[in-house]
Amino acid sequence: MSGDGSDRPRRQVGRRPDEAPDVPQAGLPASHSEGVVEDHADDPREVQFSEIQVAALFGVGIVAIIFFLYAYFGISIHDNLGQYSNYALGGSLAIALCAIGAGFIVWAKKLLPHEKTVQDRHDFHSPPEEEKLAEDTFLQGVEDMGLARFKILRRTLLGALALFPLPIVVLLRDLGPLPGRSLEGDGEITGWKAGSRLVDLDTKLPVKLGDLSIGGVQTVMPEGFGSAEELSLAPTMLIRFAPGEIKSDKERNWGINGHVAYSKICTHAGCPISLYEQQTHNLLCPCHQSTFDMANDAKVIFGPAARPLPQLQISADRDGYLYAVKPYSQPVGPSFWERR
Amino acid sequence: MENVSTSALTPDTGHRSGRRRFAHAGIVLLVIGLFGFLYAAFAPSHSAATSSDPAIEQGRQLYLQGCSSCHGLNGEGGVTAPSLIGVGAAAADFQMSAGFMPLRNHTAEAERHEPAYDDTEIEQISAYIGSLGPGPAIPTNLDYQSAPLAFGGQLFRTNCAQCHNFAGSGGALTYGKSAPSLSSASPKEIYEAMLTGPENMPVFGDQQITPAQKLAIVNYVRTIKTSPNPGGAGLGRIGPVSETAVAWLVGIGVCVVITMWIGSKV
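So the sequences go chain by chain: A and B.
The numbers in our numbering rise by one with no breaks, and the one at position 278 of the first sequence is 278.
The numbers in our numbering rise by one with no breaks, and the one at position 47 of the second sequence is 47.
In isolation and in its complexed conformation, chain B is listed as follows (with noise of 0.2 angstroms):
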């Protein structure tokens, strides 16, 4: 190390004198152990802090045995794992409570499945990669039925419609990614992944859309979820293609059908 640093400063070895290059080792040595003071000084607090919660601490333990073979040691990230450095606690808490992590295959995009974890270790790991760095905590006012309604659809059809579907049914996005359904997601976890932007979708930041607003986003995802189908049946309400598909297919179908039976000779 010192040799390699020193060759490096002088590039012409022979005609500087010992003295100076005894000189510029003792610089290089300094920066080196200022940075390990640095070090030093940084690293012990952080240890620290992780150690006077138990929640954190056990959450740690949970994240060393389910989640650092990829997200790293320190959650500092893989060749297949993004960093979870200040992703917030929000994040961590969406990921796993709506069973996209721990990530079962390595598809276009991360498949909704069952949870992996109870409650409580969720909230722990979610508490410790929290604790990583500054990030989105998870909300805690989730009021929403009270929130304007009509004003929560204005905003989810400026900003939300476009992926999610005008009734949240979800729908296509580029190369064999798409913007899932709504009709499975809590309240919780709609407020968070506007928080926190999951995978491609866009973060919707606090100054951006306030709590205030996303509570009335929610309050009208949760509506049109519950609302009936006054027309009939709402064929995944994803608009013209299956109501089409079914005139086509079913209607004209039944009609064929009926023509030939009342032209059969029988």
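Bound conformation, chain A alone (with noise of 0.2 angstroms):
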């Protein structure tokens, strides 16, 4: 691949492609190759025109960054909560740097000699001597070490070698121990307890029967919560039904009057779902589309889930404020790998 000079060029800089044929700088031979200068603006009034659109978008650039600086300085940012003010100062500084930038585009493409060379590559190769000398000095570092003279050397290095991975070993060690079955077990990880009433998330009140209307939704917790453990496994969905809407025998058993409720971590992903239709009772979670049948169990009918949510057993005290009568009898949130 060394090129001598008499070769056709193989690489061209600023070469026209659709240039006429008829164009004397076109199609060069092959002694014009290298060191070429193809002016092809010599028309002086095509290079005055170009100097002005180079100078324009120049001039644009000033006036952009004038209006960016009276921008900064003159509008307020007290008003609209500074909407205008970012527009003007965002809106002028890309205007400045796209007018600038494009002018020194112009500007090459148009004003500055378009030249033509070769630039010849020289071979991948070394030159056979350096890579004898190579390969000799490392066979001769290779016998110096004397990995076949020092026994003891050998195997020990191969012990060392050997032992190396234990201590990553051992610090997975520390990933663990596995859940086992606490992940499955009494449920107050999530701060419901036999007993925990009903609250309102936002205000806090116990809710009472009555309070949720036909075809109502609201997010309940444990009374007394706080921890943040518990405002990510707790928020319960409460569901009122109108009466024979619940299709399982085992839904409406675990709820009081058409109301059940639901744990409202999705248990694919663990995002909050309360994306309730009261007329399909589909309910579905917004991050990967899985949708629940809550008439029914909360059986999956749409989606990657792949258990239904799991259902918390309430009831009503005498005066009518809901309450657990058991915490979750199954793990809220994503399903994990024990799950059978």
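Incorrect hints may appear among the rest.
[Claimed, not checked] With a Cα cut of at most 20 angstroms, we get these calculated SDA-like pairs of lysine to any residue:
#1 109(A) / 262(B)
#2 116(A) / 206(B)
#3 326(A) / 251(A)
[Claimed, not checked] Non-contacting residues of chain B with respect to chain A, defined by C-beta distances greater than 12 angstroms in every case (computed):
#4 55
#5 57
#6 104
#7 105
#8 113
#9 118
#10 141
#11 184
#12 198
#13 200
#14 244
#15 253
Note that these hints are calculated values from the structure, not bench results.
Fair warning: this is a prediction, and the values are worked out from it, not measured in the lab.
Note that CB positions come from ideal geometry on N, CA and C, so glycine has one too.
Need the complex rebuilt from these two chains, each delivered in its own frame; the hints are there to steer you.
Right, here's the structure in full:
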């Protein structure tokens, strides 16, 4: 691949591909291929026009920068949340940078001389004598280390390298212990205990039978909730159905007078869900479109969720306040690997 | 009628005496008569109530012309339309003033369009539907501007944002349905929608979200609707979807075009 001067040029810079063949500069013979200045903007009027073009672009940049300074000092940021100030600052800076950049490009394209050059690439191989030298040096180095002679050294080296992964394995142990059945335990990790009253998430007021209209949904928490862990695991939807709408006996028995409570945390990836449709009883998770049939044990009818939402068994005390009969009997939130 | 009833009471005929047969028939007649009496006792009082108020009577006429073909002559509902007994005047007012009813097409959900009735007619029809059974009335106190804005925002994010988007821009639901944008909803429509739960929207009754809290939510929705976009274009305020689309298509697209311009040999 080494180029001798008479080769045809392989690489040309600044050549016009669509130049008409009768223009003398096009299709240069090989003898002209190096260092030819192709000043195609030789018409003085064209040069002048290009100069005005570039100057205009730079002028736009100057105006935009001045406007930027005016906008910074002159437009109040206390009105309209600084909306117009932000528009003016960002807009003028963008126009200034674009105009100056475009000016440079037009300058380079229209006014700078276009030159065709050929650049030869050298061979990728080193000369054979250098390759031989490097090989010899390497082999000499291996021999000098004397792995063949020093037996104990060799064996201890192998031993050390063999033992080296052990610390990594030991450190991995810190990822454990495995949760075992603890995630399926009594469920009090969620903050719900047997007898916990249902309170509204925002007002923290206890919820009575009849507070919720038929076809309503409410986000409830265990009374006295507080910790971050409870806030992430405890959110529960209270839904009220019209008589006869609930299809599952278990769902009906775990609720009271058409009120049922389900975990608000999606069993797929743990997003909070309450896109509840009161006519279809579909509950849609906005993250990955898992859809649950809330009138039928919250069964998954669409999407990636692997299991129904856990139901919280609720009842009402003598005054009508709703409370949890027992904590969640299934883990809330995303499914995990040991779940059957 | 008599024969059917008596034969049902006496499955194997022949061994019962004629007197007992007549006694059974008498009981059946008595029951039928009782039903008739009860009907006569209740039905006239209902029609008497409708005719007492001229607005309700006017609304009934409009209802019979425009609504009864689907919702039934007495609002009892039909194959394609729900019963209107007990939905309340607020539900009727919402559906008609927001332009969801009368329905134009049987699509996955009702589409919003220009109201078909004027304000007086809507008031009259709503009054008639409100008289069919107990239900939420049209809210009268809509003085939302003094309601607590921050608390309204908190309630909105807990109860509304999951479907209507954090800025009230609406969002998709299941099987072709969607929660509409709140940008064109009037304060009264927002209030009534919470109160009555139109279509698939859950009902947020006054025991769950009190009237004062509803006004706070209305204030929040109206405020975010009119508040400016400090960072530039709102891009529909639907969050990362539109922003990413613009960044990829417009931003990278412009970069590619400029790069091609710089590299072109003209």
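Do the hints match the structure? See the list:
no.	hint	verdict
1	109(A) / 262(B)	holds (9 angstroms)
2	116(A) / 206(B)	violated (82 angstroms)
3	326(A) / 251(A)	holds (15 angstroms)
4	55	holds (27 angstroms)
5	57	holds (30 angstroms)
6	104	holds (19 angstroms)
7	105	holds (18 angstroms)
8	113	holds (21 angstroms)
9	118	holds (29 angstroms)
10	141	holds (20 angstroms)
11	184	holds (21 angstroms)
12	198	violated (10 angstroms)
13	200	violated (4 angstroms)
14	244	holds (16 angstroms)
15	253	holds (15 angstroms)
Hint violations for this structure: numbers 2, 12 and 13, all remaining hints satisfied.
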